[in-house]
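Engineer: As a plain string of letters, each chain reads:
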Amino acid sequence: MSGPQTEGADLASDPEAWLRENPKLPNRQIFRHALARFAEQDSRLVLLEADLGGAGDPFEARHKSRYFNLGICEATMLDMACGMAHVGHVVFAHTFAPFGAMRACEQVRLGMAYPQANVKLVCDYGGVSGAFFGPTHHAIEDLAILRAMPGMTVFSPADGLETILATRAMIEHDGPVYMRLGRNRVSRLEAQREGFALGRAHCIREGSDVGLIAHGEIGVSVALEAASRLEAQGVSARVVNMHTLKPLDEAAILETAERTRLLVTVEEHNILGGLGGAVCETVCAHGLGRRVLRMGIQDRYDPLAGSHESLLLGHGLDGASVAERVLGSLSRPHAVAPEPVTTRRN
Amino acid sequence: MIAATTDAGLECPSDDGIGALEAHAKHIRRLIVRLAATPTGCHLGGSLSLVEILVALLGRVMRTRPGNPRWEERDHLILSKGHAAAGLYAALSEFGFFDPEELVRRYNAEGSIFTGHVNAKAPGVDFSTGSLGHGLGLGTGLSLGYRLRGLGNRVYVICGDGEMGEGSNWEAIQIASHQRLSNLTIIIDRNRGQNDGPTESILSQAALADRLMMFGFEAIEVDGHDLRALCNALEAPAKGTSPRAIIARTQKGAGVPMFKGKGPHYAVFTPEQLRRALVSMGEVP
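Quick note, the sequences are listed as chains R and E, same order.
Residues in the first sequence are numbered from 1 upward in steps of one, following the working numbering.
Residues in the second sequence are numbered from 347 upward in steps of one, following the working numbering.
All clues given are correct.
Stretch by stretch, here's where chain E covers chain R in the computed footprint (C-beta under 8 Å, at least three residues):
id	region
1	60–72
2	79–89
3	107–117
FYI, nobody ran anything at the bench for these hints, they're computed from the structure.
No residue lacks a Cβ here, since even glycine has one placed at the ideal position from N, Cα and C.
Generate the whole structure from the sequences, applying the supplied hints.
Structural biologist: What follows is the structure, encoded as structure tokens:
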């Protein structure tokens with residue numbers, strides 16, 4: 001699935017059918033196909049890449065004049081993106097997450113966030129999806145960094161359909177956006193989606209005991225599996241797909257806190273500063289006095305080679321581990337129903 | 347090179363001879379030293395070193411409309427060495443983008459758009475700069491963006507020689523060369539000084555013109571205080587599709603004789619120092 005697509009379902013009008021016909025693509029390739037398709041109707045779209053690899057870029061194949069492989073120059077790619085946006089282009093800059101969020105961090109801050117440039121930074125290799133390549137190619141801090149920049153929209157899609165819907169939404173949104181993708185093939189969420197909006201969380205499963213709030217290709221699927229396992233144990237779990245980390249859908253967090261007894265975040269990111277941090281901030285800011293169980297990368301790097309799956313298992317980021325920790329937490333009454341914060345001073 | 351426009355409505359003094367340009371340079375220098383006498387002072391040495399570069403660009407070479415700074419057909423000036431904001435603001439006010447007296451009153455003042463590093467809120471400024479090593483990347487993107495749209499706007503980026511220590515500049519130089527961005531010109535203010543002292547004792551910037559030529563630029567070295575040489579270099583017809591670099595040999599604190607060619611990087615003048623500086627420049631305080 002590399003060249004121009006001329007037959008079959010149309011990605012723009014029927015993305016679900018298109019995805020059924022192209023079941024083996026990772027999100028990063030789905031993004032390129034989506035952008036290439038949308039660029040047919042929008043001459044403002046430009047794609048910058050930094051020697052990203054992946055044979056047969058569909059955007060390059062279909063829109064050669066608007067595609068620039070700038071070489072291994074991630075930082076300057078972001079300054080250039082700002083310059084091009086200044087002339088009216090809608091600029092997508094596509095690179096690996098550790099380099100986009102960290103090597104080019106100041107360019108992202110000064111070139112995208114501060115001037116509110118119409119630049120979309122799309123990054124692959126989110127979390128530990130780079131797996132055996134090692135921590136140089138992992139990004140477990142990117143969401144914390146990007147979330148801290150005023151005016152940034154930060155997005156982490158859970159599957160291919162959401163990636164397509166988000167790509168369209170990013171084009172329609174005038175301003176800087178960071179979209180974080182993984183590296184590997186993604187599973188398709190069964191959840192129905194009626195409409196899509198950046199910043200509006202999506203409850204994909206109702207439940208009353210535990211509220212699992214997740215984002216991303218791994219986080220949401222792990223949360224759903226944990227919910228199924230919990231159900232088998234007689235525990236009812238609500239699952240919220242918090243695909244947009246910023247602006248955060250605080251109402252969805254408050255609603256989940258109201259409807260359940262325990263809040264749990266599930267994400268392929270350090271437990272510090274990402275969704276776990278964002279939910280804790282919200283819970284504290286609203287004085288809920290509620291404990292939040294943060295499931296994610298356990299504040300350490302992975303120096304040894306391993307598959308994506310084995311690295312996730314090492315951090316307890318799998319359905320069984322999450323369900324087990326939730327059950328353990330529920331069995332400790334103080335964790336579920338803390339005293340109100342105001343009565344704890346003595 | 348695009349000729350300066352002569353529309354009657356334009357205030358850009360594009361028909362000035364060199365003598366008139368020199369007069370502009372004098373006015374700008376007087377304004378810069380007055381900015382050094384404001385409560386917070388300014389980056390004085392590096393503002394004075396690039397006065398002729400700014401005059402050649404804003405007064406002769408560039409297409410601008412001071413009354414309509416966002417004019418779509420304008421050329422762009424990016425001062426990548428954004429700490430020399432006092433120099434850029436003074437030049438923009440000299441050429442009619444805003445009132446010079448307002449600049450002196452509000453420079454670095456509470457709530458003012460005239461911040462100590464270049465601020466995109468000031469009329470005539472497109473990008474906030476001063477974190478070094480960004481201007482060339484921004485300018486490269488602008489140049490590529492204009493070419494992609496089939497437009498003839500030109501982009502001028504002024505970098506400091508000390509600033510060339512930033513690796514991002516060399517990324518941008520490689521890309522500009524590879525993409526054959528002939529609508530881009532870099533001017534390097536080669537004043538041989540940076541915050542901590544002489545560039546050559548901190549990080550040598552020897553043979554910049556040679557280095558840029560090896561990176562694929564058309565490069566020339568000129569006396570950066572010689573307006574005629576600067577204008578000739580900026581207006582010379584392009585030989586090919588390469589981007590262009592001008593290494594302008596300058597002096598920190600140029601034009602203020604009391605500095606004897608060793609102007610300070612930063613200065614906060616007392617009223618007496620301002621008076622002495624103006625006297626040494628042959629001005630009436």
